[in-house]
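Participant: Let the hints inform the model, and build the full structure from the sequences given.
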Amino acid sequence: MTEKQIRDMLHDALAELDRRARKVILPSMLGVGLALSGCGDRAVTWSDGQAAASEAGARLDQGATLPDIGYPVPPYMAPEPDMAPEPDAQITPPPQTDYAAPMYAAPMPVPEPDGASDQ
Amino acid sequence: MIELLRRQGFRPRFGVWELTLACNLRCLHCGSHAGERRDGELSHDECLSIADQLAALGCQRMTLGGGEPTMHPRWDAIGRRLTDRGVRVNLISNGWRWTDEHVRRAQDAGLNNVSFSLDGLEPAHDTIRREGSFARVVGAIERSRRAGIPVSVVTHINRLNYLDLPELRAFLGELGVFAWQLQLGIPSGEMGQHRDDLIVAPRDLLWLVPLIAGLRLDRSAPPEVCPSDNVGYFGRCEKALRDPPEGSRIPFWIGCRAGCEVIGIESNGNVKGCLSLPSARHGQDRFLEGNLRERPLAAIWGREGAFAFNRDFREELLGGFCAVCRYRDICRGGCAWTAYSHTRDRFDNPYCFYRQAVTHHRLDLLGEDQPSEGELAWRG
Numbered sequence: 011m012t013e014k015q016i017r018d019m020l021h022d023a024l025a026e027l028d029r030r031a032r033k034v035i036l037p038s039m040l041g042v043g044l045a046l047s048g049c050g051d052r053a054v055t056w057s058d059g060q061a062a063a064s065e066a067g068a069r070l071d072q073g074a075t076l077p078d079i080g081y082p083v084p085p086y087m088a089p090e091p092d093m094a095p096e097p098d099a100q101i102t103p104p105p106q107t108d109y110a111a112p113m114y115a116a117p118m119p120v121p122e123p124d125g126a127s128d129q
Numbered sequence: 030m031i032e033l034l035r036r037q038g039f040r041p042r043f044g045v046w047e048l049t050l051a052c053n054l055r056c057l058h059c060g061s062h063a064g065e066r067r068d069g070e071l072s073h074d075e076c077l078s079i080a081d082q083l084a085a086l087g088c089q090r091m092t093l094g095g096g097e098p099t100m101h102p103r104w105d106a107i108g109r110r111l112t113d114r115g116v117r118v119n120l121i122s123n124g125w126r127w128t129d130e131h132v133r134r135a136q137d138a139g140l141n142n143v144s145f146s147l148d149g150l151e152p153a154h155d156t157i158r159r160e161g162s163f164a165r166v167v168g169a170i171e172r173s174r175r176a177g178i179p180v181s182v183v184t185h186i187n188r189l190n191y192l193d194l195p196e197l198r199a200f201l202g203e204l205g206v207f208a209w210q211l212q213l214g215i216p217s218g219e220m221g222q223h224r225d226d227l228i229v230a231p232r233d234l235l236w237l238v239p240l241i242a243g244l245r246l247d248r249s250a251p252p253e254v255c256p257s258d259n260v261g262y263f264g265r266c267e268k269a270l271r272d273p274p275e276g277s278r279i280p281f282w283i284g285c286r287a288g289c290e291v292i293g294i295e296s297n298g299n300v301k302g303c304l305s306l307p308s309a310r311h312g313q314d315r316f317l318e319g320n321l322r323e324r325p326l327a328a329i330w331g332r333e334g335a336f337a338f339n340r341d342f343r344e345e346l347l348g349g350f351c352a353v354c355r356y357r358d359i360c361r362g363g364c365a366w367t368a369y370s371h372t373r374d375r376f377d378n379p380y381c382f383y384r385q386a387v388t389h390h391r392l393d394l395l396g397e398d399q400p401s402e403g404e405l406a407w408r409g
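Protein chains in written order, with our numbering: chain Y, 11 to 129; chain U, 30 to 409.
Take these hints with a grain of salt, some might be off.
As the list claims (entries may be wrong) - Computed Cβ-Cβ distance ranges for the label pairs, DEER-style: (1) U:Leu246 x Y:Arg17: 36 to 44 Å; (2) Y:Lys33 x U:Glu345: 28 to 36 Å; (3) U:Glu345 x Y:Leu24: 19 to 27 Å; (4) Y:Lys33 x U:Gly115: 18 to 26 Å; (5) U:Ala199 x Y:Asp28: 41 to 49 Å.
As the list claims (entries may be wrong) - A few chain U residues that face chain Y, going by a derived Cβ cut-off under 10 Å, partial list only: (6) Arg36; (7) Arg278; (8) Ile279; (9) Pro280; (10) Phe281; (11) Arg310; (12) Arg315; (13) Glu345; (14) Ile359.
Simulated from the structure, these hints should not be mistaken for lab results. Quick reminder that beta carbons are idealized off the backbone N, C-alpha and C, glycines included.
Facilitator: Here it is in structure tokens:
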């Protein structure tokens with residue numbers, strides 16, 4: 011790919027996002043306007059450690075809720091698998107014990123089987 | 030290009046969540062000094078709350094990692110919570126103690142796939158991790174495949190294994206691995222002690238990147254080769270590196286997405302744009318954006334000024350060759366973790382195929398575009 015081809019594709023993608031934004035944000039702003047007309051208190055409220063809906067929503071200057079434009083796999087993510095079980099699926103006993111000591115380290119805490127991480 | 034990400038909306042679509050820093054191995058290349066648990070790791074209820082918050086903010090995919098995530102006693106319950114909320118979840122394990130019980134728990138949790146770390150053929154893998162670990166992780170892969178779990182593999186590229194990549198790919202295909210992620214080993218954590226013996230030199234990209242691109246283009250048999258975000262950028266191989274088999278509208282690198290649509294969560298609740306970025310545990314808190322015990326995820330993610338190293342990018346921040354590069358506004362210095370680990374400057378990244386090709390006058394590797402006068406005149 012040449013630099014020009016790359017920039018042309020970016021230009022097209024940005025234009026596409028602009029078109030989508032016009033479809034999404036205008037109705038959203040109308041909705042917000044209607045909501046504001048019926049609610050005088052805009053203070054952020056909290057409940058059980060959760061942000062109120064007004065705090066949790068994406069900011070409009072962050073593109074609101076536009077759908078993905080579609081580009082490649084993010085870090086650490088394998089692509090969507092399309093795998094069936096092998097035909098003769100047989101689970102065999104594991105050849106090792108469930109726990110092995112660390113290699114060259116001082117003894118370290120091993121979580122209890124259940125709930126040890128609960129503080 | 031940050032404008033593309035901004036217009037699409039900053040959301041934590043993808044994430045990596047360190048469930049615990051406890052690990053049963055002590056790998057030479059471990060970027061996080063894993064082994065002992067962090068002080069004050071999150072409780073189970075706190076993890077479930079975070080899972081709910083991630084889903085509410087639009088998280089689509091989450092990778093559960095560590096440490097060794099299976100050292101967390103309830104890794105499957107957290108995975109289940111995420112999958113119940115519509116998030117596709119996978120898990121990265123070293124496979125050392127992956128038993129049929131783990132297979133069953135992964136299936137019950139509804140995991141999308143399981144990834145195993147495999148860092149070369151047996152000699153290299155066992156040198157980096159532990160004698161006998163190659164046999165164990167291969168056993169873990171086979172056990173998972175027999176049960177029908179899709180398996181991917183993650184490999185850190187280093188000087189012990191980089192010559193074995195084609196052979197390793199064939200081996201993984203025989204094991205039934207469907208995807209293989211390749212990432213460059215970075216001098217952070219334990220790997221910081223191995224700059225001379227394990228870290229790949231920047232100029233090695235001149236042959237490594239074409240090799241990886243060639244492996245990716247060969248789709249005659251699995252696994253699909255998936256270069257990570259620190260392999261690239263631009264030049265003749267770009268489309269081959271980035272374009273997925275089904276095609277993409279943006280088949281090229283658009284810059285680091287940490288804090289724009291990627292999130293990293295440490296096991297004590299610390300939030301970063303990418304889990305790989307330096308940890309406050311090691312005295313570097315410039316990438317720490319907040320703690321989930323102190324503030325809800327939405328407040329951390331949506332805070333004005335958060336993740337400024339990416340969201341508030343300006344070209345004048347760039348240094349070194351990146352400051353004169355023709356792709357500087359698109360690339361923004363490549364992988365933030367890689368750049369920072371090597372140069373302590375998030376915006377100056379020597380691990381760039383285009384940069385190496387220009388500075389070593391390998392213009393045949395650039396494709397149709399030729400370097401600008403400014404690029405040719407740059408001297409590091």
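Participant: Check each numbered hint from earlier against the structure, then list the numbers of those it violates in ascending order.
Facilitator: 1, 11, 12 and 13
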